[in-house]
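Enquirer: Here is what each chain is made of, one letter per residue.
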Amino acid sequence: MRLQQRLENFRQDKNCTLLGVGPMSKNCVDASIELAEQYKTPIMLIASRRQIDSEQFGGGYVENWTTEQFADYVNGKDINKNIILARDHGGPWQNELEKSQNMNLKDAMQSAKDSYRADIDAGFHMLHIDPSVDIHSKPDAAQTLERVYELYDFCWTYAKQKNQDIIFEIGTEEQSGSNNSKEELEFTLESMKNFCNTNKMPFPSFIVIQAGTRVMETENVGSFESPVRIKDELPPEIQIPQMIDICNKYGIFMKEHNTDYLSTESLKWQPRLGIHAANIAPEFGVAETRAFISVLKNNGCIDLLDEFITLSYKSKKWEKWMLKDTMSDDVDRAIIAGHYVFSSDEFIELKSKADNKIKGIDLYLKNKVKESIFRYMNAFNLT
Amino acid sequence: MKKTATIILNRNLPKETSLLVDQLIKDNNNYTDVYVVEGGSDKNNLSKYCSWHVNSKEVVEHGMRYLRGMNYGLLKLWESEDWKKYDSFFLITNDTKFPNKQNTIKILRELLEEYPRVGLISPCSKNWGERDLIGDNSIKYFWFIHNNAYFFRKELVEQLINTDNPTYMNFFFDGNNFRGYLSESEIIAKTYANDWSAAITTRVFSEEEESYLMDKNQLIKTESYEENLKLYVEEGLKWVKIKYGFNNRWQMMQYSKLFYEKFFEYYPKEKINKI
Numbered sequence: 001m002r003l004q005q006r007l008e009n010f011r012q013d014k015n016c017t018l019l020g021v022g023p024m025s026k027n028c029v030d031a032s033i034e035l036a037e038q039y040k041t042p043i044m045l046i047a048s049r050r051q052i053d054s055e056q057f058g059g060g061y062v063e064n065w066t067t068e069q070f071a072d073y074v075n076g077k078d079i080n081k082n083i084i085l086a087r088d089h090g091g092p093w094q095n096e097l098e099k100s101q102n103m104n105l106k107d108a109m110q111s112a113k114d115s116y117r118a119d120i121d122a123g124f125h126m127l128h129i130d131p132s133v134d135i136h137s138k139p140d141a142a143q144t145l146e147r148v149y150e151l152y153d154f155c156w157t158y159a160k161q162k163n164q165d166i167i168f169e170i171g172t173e174e175q176s177g178s179n180n181s182k183e184e185l186e187f188t189l190e191s192m193k194n195f196c197n198t199n200k201m202p203f204p205s206f207i208v209i210q211a212g213t214r215v216m217e218t219e220n221v222g223s224f225e226s227p228v229r230i231k232d233e234l235p236p237e238i239q240i241p242q243m244i245d246i247c248n249k250y251g252i253f254m255k256e257h258n259t260d261y262l263s264t265e266s267l268k269w270q271p272r273l274g275i276h277a278a279n280i281a282p283e284f285g286v287a288e289t290r291a292f293i294s295v296l297k298n299n300g301c302i303d304l305l306d307e308f309i310t311l312s313y314k315s316k317k318w319e320k321w322m323l324k325d326t327m328s329d330d331v332d333r334a335i336i337a338g339h340y341v342f343s344s345d346e347f348i349e350l351k352s353k354a355d356n357k358i359k360g361i362d363l364y365l366k367n368k369v370k371e372s373i374f375r376y377m378n379a380f381n382l383t
Numbered sequence: 001m002k003k004t005a006t007i008i009l010n011r012n013l014p015k016e017t018s019l020l021v022d023q024l025i026k027d028n029n030n031y032t033d034v035y036v037v038e039g040g041s042d043k044n045n046l047s048k049y050c051s052w053h054v055n056s057k058e059v060v061e062h063g064m065r066y067l068r069g070m071n072y073g074l075l076k077l078w079e080s081e082d083w084k085k086y087d088s089f090f091l092i093t094n095d096t097k098f099p100n101k102q103n104t105i106k107i108l109r110e111l112l113e114e115y116p117r118v119g120l121i122s123p124c125s126k127n128w129g130e131r132d133l134i135g136d137n138s139i140k141y142f143w144f145i146h147n148n149a150y151f152f153r154k155e156l157v158e159q160l161i162n163t164d165n166p167t168y169m170n171f172f173f174d175g176n177n178f179r180g181y182l183s184e185s186e187i188i189a190k191t192y193a194n195d196w197s198a199a200i201t202t203r204v205f206s207e208e209e210e211s212y213l214m215d216k217n218q219l220i221k222t223e224s225y226e227e228n229l230k231l232y233v234e235e236g237l238k239w240v241k242i243k244y245g246f247n248n249r250w251q252m253m254q255y256s257k258l259f260y261e262k263f264f265e266y267y268p269k270e271k272i273n274k275i
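For the record, the sequence lines run as chains A and B. Under the working numbering, the first residue of the first sequence carries the number 1, and numbering increases by one thereafter. Under the working numbering, the first residue of the second sequence carries the number 1, and numbering increases by one thereafter.
Chain A on its own, in the form it takes in the complex (with noise of 0.2 Å):
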């Protein structure tokens, strides 16, 4: 059965909202794996090209893996095939290097198919295409467009050339994105209803809306839990409906980023909402950071955790998720910062030394992952 199919029929029968998590560590991956064939559900993993990308671009930031490799060790491990390989916010300049290369249009574009013609040659079943970053200007909705076709077409021709199944996710959630009114999604799902259409390709299966999400530190920050209004945000009591009600009609499934750190109140609102998808990532990082931090402290190796916390501390990875006003001291960003580090030489070695002196410390670690994703898929309506 096609990918598409399989998920419409998923999501029938169990009347839930589909999961994508964010690769954040080897044990993310592990424990989405497990958990993904405990109950026998698909879980998107959703790798962005800072996370995992292929050899041209030095890999990414997890387990240093390249998309080829990362995709052979998750290959190696499903055996049910649960996990869908997905491809988070592909497109130019969404890599560290086309940026500082200060790479032009063109080359930018080029690199971008670079790296998804990896994706289709790893194998990654799903495909986000999003060209809303460019670091010379800022696109309209129709140059915007523009890109999409040309790397959708790529991405199509040449999946097909492989005879390879892969579906298509559009959008974004910036602010800024062509999505955010109605008369703009309608403009953009229009607009790609006539491109497939004209030239005999599949309709993307998912798009990306902005839905009152947004994360900020260890904290959802958005309008979703927000009880009073955010300046010229729609309340989501309205964006919500109206923007499922678009995506029902035109048979796309509606998918929300940035989901992190939602209350379980509010996570167990989105299948009723008739949310269909759900993108998390840092909050999984964040909580192997804490219970690494924690397995280091009760375990007295204090010298350890100093380490830790400075490492992570000095990557500076935190800077992009603080708040303006943060209270927040040097330990809360190197939680925030924490996943960042782990696949850094400092770090290998400080954890093989915690190894040496705390049996089981990836076992506890990976358990500790997985409860905080059993959280959204058990309010998702996926167990």
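One or more of the hints may lead you astray.
Stated by the list, open to error - Here are a few chain A residues that face chain B, going by a calculated C-beta distance under 8 Å:
id : residue
1  : Ser181
2  : Val228
3  : Lys231
4  : Leu234
5  : Pro235
6  : Ile238
7  : Gln242
8  : Glu265
9  : Glu307
Just so you know, the hints here were simulated from the structure itself, not pulled from any lab data. We treat Cβ as the ideally placed atom computed from N, Cα and C, and that holds for glycine.
Starting from the structure of chain A, add chain B where the hints point.
Expert: Just chain B, lined up with the frame of chain A:
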């Protein structure tokens, strides 16, 4: 010609309230009478336009808040001969701001005439996302309107008021929900359930001056902004649980949306204003 009764709730901010009344009279004099409910204000902090000073021990201590304050004003009018003078009610708090020279009430009254099935209208705010959804100089019907400035058609109000031992706790709004979280959805559900619609318009605008609650809470004699927000949600959720058995805002949203959708089944011509 019948007029609109504008009811303003004040607590210890006489200057701000008087300025608001002055502006409303200046810009809308032929269309409205303005009444000020003083919800437990100190004697030396009454607006010069004070209509009723509620100074029971409880109200002095805790205030009235929007729902009880508006119930009080409406009930006072209903008990008097003045009720007959009005065909609509504009219920606002003293932190409501209107653009200068905007004939707010005149325009809202015109909208009630132009759209005979509208029971409740809220002016839009320049900062609301709904602004784009509605478009310029227009009106749309909503199942959710979060505001403290509602313009009601009298026929709707008369369908909803409780005339059996009415008090400021139960006359129009449910005063048991002290701070009012989720009560706007309740009144909207009742509006659609009684064959009226609830609209937001971009023909007039109003803004909420949040700085009053943020910076002047000690003067008003109320909780800090953060404490108020916490209590607003806690009390609202408790209220909705007891009254409806609902556990969160989404259930309340679905409840009001249910009546919203039904309304268009009965009044298909109104679909032109559906979002």
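Enquirer: Taking the hints in turn, state whether each one holds.
Expert: For each hint, the structure was consulted:
no.	hint	verdict
1	Ser181	holds, 6 Å
2	Val228	holds, 7 Å
3	Lys231	holds, 5 Å
4	Leu234	holds, 3 Å
5	Pro235	holds, 6 Å
6	Ile238	holds, 5 Å
7	Gln242	holds, 7 Å
8	Glu265	holds, 6 Å
9	Glu307	violated, 38 Å
In summary, the one numbered hint that this structure violates is 9.
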